[in-house]
Amino acid sequence: MMGKTAVHIRNKDAPALEVRGLKKHFTTVEAIRGIDIRVERGEIFGFLGPNGAGKTTTIRTLVGLLRPTAGEIFIGGFSLMDNPVEAKNIVGFIPDRPYIYEKLTGREFLRFVHGLYNVYGDEPGMLEERIDDMLAFFQLEEWGEELTEAYSHGMKQRLVMSSALLHNPEIIIVDEPMVGLDPKGARLLKNLFHQRAAGGGAIFMSTHTLAVAEELCDRIAIIQDGEIIAEGTMPQLRARAGMGDDEGARLEAVFLKLTADEEMDEIIQALRP
Amino acid sequence: MRNTLTNELYLLLSPKWYGLRNRLRFRSRGDLTRSIVLVGIVAVFWIIIYLLFTNFLYQFKVVEEFGEILPGKLLSMIFLFFLGILMWSSLLTSFGVFFMSYDLQLLKATPVSEDAMYLARLAETTINASWMVLLFGLPVFMAYGTVFGGGVVYYLVVVISNVSFVIIPAVLGVGLTMLLVNVFPAQRAKDMLMIVSLLFFAGLILAFRILRPERLLDPDAFNSLLDFFTAMRAPLSPLLPSQWAAEAISTYIVGTLVYDPFWLGVLVITSMAAVVIGMWVSGRTHDYGFTKTQEVRRSRFAGSTVIDRLISMYGFLFPQRLKQIISKDVKTFVRDVTQWSQIFLLMALIVIYVYNFRVLPLAGTYIPSVYLTNLVAFLNLGLSGFVVSAVAARFVFPAVSLEGNAFWIVRSSPLGLKGFLWSKFWISFFPLLLLGETLIILTNVLLGAHPLIKWVGVITTFFTTISVTALGIGIGAAFPKFQWDNVSKIPASFGGVIFMVLAVTFVTVVLVIEWRPVYLIMLSILGGGSITSNQIILSAISAIFVLILCTFCFFVAMETGLRRLEEREIW
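Residue numbers (this note's numbering), protein chains in the order written: chain A, 1 to 273; chain B, 1 to 571.
Check each hint, because a few of them may be wrong.
[Claimed, not checked] Within a straight-line C-alpha distance of at most 25 Å, the following computed DSS-like cross-link-like pairs (lysine-lysine) qualify:
1. A:LYS103 x B:LYS323
2. B:LYS489 x A:LYS103
3. B:LYS454 x B:LYS323
4. B:LYS489 x B:LYS16
5. B:LYS418 x B:LYS323
6. B:LYS16 x A:LYS103
7. B:LYS323 x B:LYS108
For the record, the hints were derived by calculation from the structure and aren't laboratory data.
As the structure is a prediction and not an experimental result, all values here were calculated from the model.
Construct the complete structure from the given sequences, taking the supplied hints into account.
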């Protein structure tokens, strides 16, 4: 059933995600210094950066877990500040750490999360069928009736992914999507992302795995010290890094060049046996 | 150069010390104020305990024949009570410290010796299990020192005996935990222990109350004075460490010119021997038990659909999203043994509360019993309000915090925090109302209170319960503890203390507002007269004030909680 259903878009004229002038200050730290992002329908957008660059802060601000100091966030055309219910209704969020309710079974957890997002009033039969599909897709069908406290870290992560997809969101915001997935699961998730993008949905993902970003993403933004230092397709990023003639230049080299981490690269080379 | 065991012990305990130091060094805004408030509250309790005990002990001291016996008997009972509390506390604490603590995953993979690990964990268990007992026991010992002229040596004896005393139940508790975990997985063993100990504790409280211990204060209750003295002179048990600790201190207070350190010596040597034996037991059982702890436990009741069916039946009362939160909370409560097992204790306390009213000696005083009965019934309104507040502190105040690290799910969902708080309110209000109304109706029936007092009780309880629930949810949302693993500690947090103070103050103010009109009307009725128009007007004004106060508390609490929760950032 998954991937065959087109994503239901409520506001076709608006981009999936639009961020204008986003800033986030903590007491002594400027975590985000004014960034603009635009993710179109049908796009897989990668959000990369070194540790401490502001990726997780950005993601948590986009889903309403953190309040921005300044700036505007529009999800599917709905303002997150002025219309949070509508905006959050069309987002599926997958955090990097899968904290869930440990005294619920996998099925109960999925029903619970679906209930929080239930705008369209699914019939119970249809919901159970979709839950069955999700559990099967993420290889959790044998664990559906067990309490989640018995799940491994990877299983919890997969359950959280299921919950984010259950209400057929217009945009999926994901922090480190490949955590907890074996190679087969990673392949399935990549296919899923492609299918959703093809159906009109959008993916906004943050990852450290540059190979995944290079393989999946239509466009990539690189954030460093709270600012976006580069954004575009792979050819555009290569050009930005001054490697425009080298079509074989991988994202890792581009990333390191742009984030000026060549010294680190030399150190790593020196440490190799 | 220090030996290896000492170095390792120092190293293993250093994170606790650094954590404490860093908490003081990196204080967040408001921490200093909160600390000052907490210290102030503790100081008030200290002073009250100290004054109460000083008063008791002075009275005991001057009684003929009793003077030498009662202080020692009292000390024995106190230490026996401490021993029970410490045993239970050590047993439960050691599950977490020895088998479930997150840092064990790190430490067990290092070459740290088992002995050092045991000693460090034992120290942690002992401190966690005993700090409150020691803290609130200190004014008791200070009272003894004041009344019996204790100097520096007395306090040295107190310190040594208490430190040695608390080690023994800690070692016993840890040892028992080790043995249990070798048979059952740690979580299951802990759950079983929680249920058994709460059932036992509840039964003990009931048995203690039914024995009517207040009769001890009246020597006429005994057949002969000789029986009374015999009962008083008999030691509680010479085999218990509690008796050794009591003797160690009593000997100093009422003993000869030269202090006999025999009992102190027994206590110190036993505690040291206990540690050595405990270390030996741990070396042979901990590894196996820790491995068993990693086992997955399949739940027997996860498949039950009773709750879902009940929610569906009454689902029309709530919007869809609120139903989800309510359903989730009910399931979590029912499946968490540490939560639902508290019900046993609660039921025992309710039975005792009602029983107390049954045995109240209202006859035989200079106030006519009909007046006294209705006075007590009115004051009962306050008492039941305090009980409801105490139960709310335990179950309602932590309701928001129970979301734990999973709060991001609700926060990032379209539910909205207002809906979230309303769901918490509804799920807490009905049980609390049931409790309050049961207490007030049962006790008023037992007392034979006037119908007016009964109705005042029922209606006031309804409105005060609404406000107390809102206070619990609102303040719980304003001071959430999402990261705290140990739910039972949440009521004792700064926010929990604030809630109790506000709830008790609120109930008291309601009582004060209602007192005057109820008193005047009851005087008229019981005196055979009729109610005047002034009394009716006064009653109406009083009722309006109570309603305004309840409404004010409700909205301020919920709005404050909502606002503070909205401002909170979730990582």
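Against the structure, the hints:
no.	hint	verdict
1	A:LYS103 x B:LYS323	17 Å, holds
2	B:LYS489 x A:LYS103	20 Å, holds
3	B:LYS454 x B:LYS323	35 Å, violated
4	B:LYS489 x B:LYS16	18 Å, holds
5	B:LYS418 x B:LYS323	14 Å, holds
6	B:LYS16 x A:LYS103	30 Å, violated
7	B:LYS323 x B:LYS108	44 Å, violated
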